[in-house]
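Chemist: Put chain B on the given structure of chain A with help from the hints.
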Amino acid sequence: MIEPALLDRVVKGDQQAFSQLYDHSSTLLFTLAVRILGNHEEAAELLQDVYLEVWRKVSRYDVGRGTPVAWLVTLTKSRAIDRLRARAARGYRATNSLEEGTAAQVVDLGPSPLETQADQELRIAVGAAVAGLPQAQQQAIQLAYYEGLSHAEIATRLNQPIGTVKTRIKLGMSKLRDGLREWWNHGELR
Amino acid sequence: MTHEELEESVPLYAAGALDRTERQALEAHLLSGCASCHSALKDYQSVAALLPLGLSPTSPPRSLKATIMAGRNLAPIPAEATPTEPARPSLEPGEWMDHLFPPVAPARSLSLPWALGLATLLIVGVGGYLAWKITAQRAVDTSKIQQLEASLQEKSTMLAAVHREVGDQAKALAELRNEMHQRMNEAAEAKEQLAQREAELEDTRVQLSRQVRARTVRTPQDELATLLRIPNVKAVALTGSDMAKRAAGFLLYDSQTQNVWLYSVNLPECRAGTTYQLWAIHDKPMSIGTFQMDRGVTTHLLVKKVPSFADAKTFAVSLEPSGGRPQPTGPMYLLSRS
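If you're matching them up, the sequences are chains A and B in order. Per the numbering used here, residue 1 is the first one in the first sequence, and the count goes up by one each step. Per the numbering used here, residue 1001 is the first one in the second sequence, and the count goes up by one each step.
Take these hints with a grain of salt, some might be off.
Stated by the list, open to error - Quick list of in silico lysine-lysine cross-link-like pairs, DSS-like style, CA-CA up to 30 Å:
| no. | chain 1 | residue 1 | chain 2 | residue 2 |
| --- | --- | --- | --- | --- |
| 1 | B | K1133 | A | K57 |
| 2 | A | K175 | B | K1042 |
| 3 | B | K1065 | A | K12 |
Unchecked claim - Away from chain A, derived, C-beta distances all over 10 Å, residues of chain B:
| no. | residue |
| --- | --- |
| 4 | L1031 |
| 5 | S1059 |
| 6 | T1067 |
| 7 | K1144 |
| 8 | I1145 |
| 9 | A1150 |
| 10 | E1179 |
| 11 | A1187 |
| 12 | V1206 |
| 13 | P1231 |
| 14 | M1243 |
| 15 | K1245 |
| 16 | P1268 |
| 17 | A1272 |
| 18 | G1273 |
| 19 | D1311 |
Treat the hints as calculated values from the structure; they're not laboratory data. Glycine included, C-beta positions come from ideal geometry on N, C-alpha and C.
For reference, chain A alone in the conformation it holds in the complex (with noise of 0.2 Å):
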C-alpha cells in the first residue's frame, strides 16, 4: 500500500520517502513492464524513466483523479506501450505473444518481502477476478491492455466483428468493476 502523504513527502524532496515508494511498488510495475515489453532489460529501463519522470513530476500527482498505485501504473503501462509501439514503428517483431509473455514471467511466484498481508489478498482477489471471466473476454481486455491494441485492432486480430470485441471488453470490465469494487471501497487500494 502506498500512501498519498507518502507522495506528498517525495514531492518535498524526501530521498527516504522516494525509497520507500520504489521498494513498494517496483515488483508490480516490473512485473507490468515485463508483461508489456515481454524483455526485463527493456522493463528494466523503461522503470528508470518512469521512475525519474515520478520523481520530476510527482507534484502533479492528483489524488482526486485516483490512487497513487494506479497512478503508477497507468504511467507505466502507458510509457510501455510507446515503447511497444515505437518498436513496431522501427519493425520490431515482439517476441512476447500472450501465451509466451505469461510463461516467461513465472520467475518468482513468491511474494515480495514487502508486501503485506492486504496486498496478497488484493492479488489474490484480483487474480480470481480475471480468471473468473470468460476466456474470449479476458483475452479481448488483455490485448488492449497490454498490447495496446484499439477495438479494430483486436478484431482484426482475433477476426470477430467490433462490435463483438467492444461488448467482450465492456462486459469484462464491468464484471471486474463489479467484483473488486469493495477494494477501492474500502480503501484497501492505496
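Modeler: Below, chain B alone, put in the same frame as chain A:
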C-alpha cells in the same frame, strides 16, 4: 457521439481499447464536466490499475534501485516539465489520470554507433526538433480547439434544449391564460344568469305571496268548510220572515272559542241608512252585531264572540237604522225556529 455512446466508451477507454478519435471525443466530453462519466471513469481506471496485480509478480533486478536513485540525483530537481520536453498532441489511452505527463522520447539508451553519429544528428536534430515542436504545438492547439469545439457543441445543444423547453412552457402558459379568460367569461355569464334567476325567483316569490294573501281572503264557502270540521259545533237554523221569504240563515257556535258565525242567504240589500242587526233573545233581545248587505250579494257572514250563546232561546235578524239600535225597532227578516 451521443452521451450514451460516450458513456459506453468509458470502460473501453480505461482498458485502452479506444482509437484516437474516440479517445479525443470522450476526453472533450470529460473536460466539459460530465460528472457521471467522470465518476464511471474513476471506477474503471481503478479496475484497470488493479489488473497487473493479477499477474505473477516479477522482482526487478537488485541493481535497478541504485541506478534509479543515482539517476534521480542527476535529474533536474524542479518538479516542473523541462522546456526541452516535446509536447504531445493528445492523451494516451487510459491516461486521463496523468495526462499532465507527456511521454519522454522513446529509446533512451544509446549504443556506440548512435553516439558516433550524434554530432551530425545533433545539428539536423535541433532544426528538426524546432520544426517538429512547432508542428506538435499546432497539433496540441488543434486538439484543444477540437475539445473546445466539442464542448461548445455540447453547450449549444443544451442551450437549444433549454430554449425549446422555455418555448414550450411559454406556449403552455398562453394556453392556460386563454383557458382562464374563457373560464372568467363563463363565470361572468353564469353570474348574469344567476342574477336573472334571482330576479325571476323574487318575482315568483312576490307572486306566490300575493297568491298566499289572496288565499287568506277567505270566501264564505271556505270558512263554512272549515267550520264544519270543528268538533261539537252547535248549529241553529234561521228562516226568512214574510219580509223575505226566500231568505235563510244559520248560526254555528264553537263552544271552545265562544265564536258565533252567521250565514245568511238571499237577504235583500240594505237600503241607504239601514243595517241588519243580529239579536240573541233570552228574556229580552240582546244585540250580537250588525252587518251590511250590498246589491248583488247573496251570502253574508258575521263572526262575533258570544259568551252566553247557550242561554239564548231565539235568534233574529232585523233591519235597523245605521249603527244599530239597543232594542229591535225595525222589521224582522230572519228568525230561529225554537
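Chemist: For which of the previously enumerated hints does the structure constitute a violation, in increasing order of number?
Modeler: Of the numbered hints given earlier, those the structure breaks are 5 and 6, listed in rising order.
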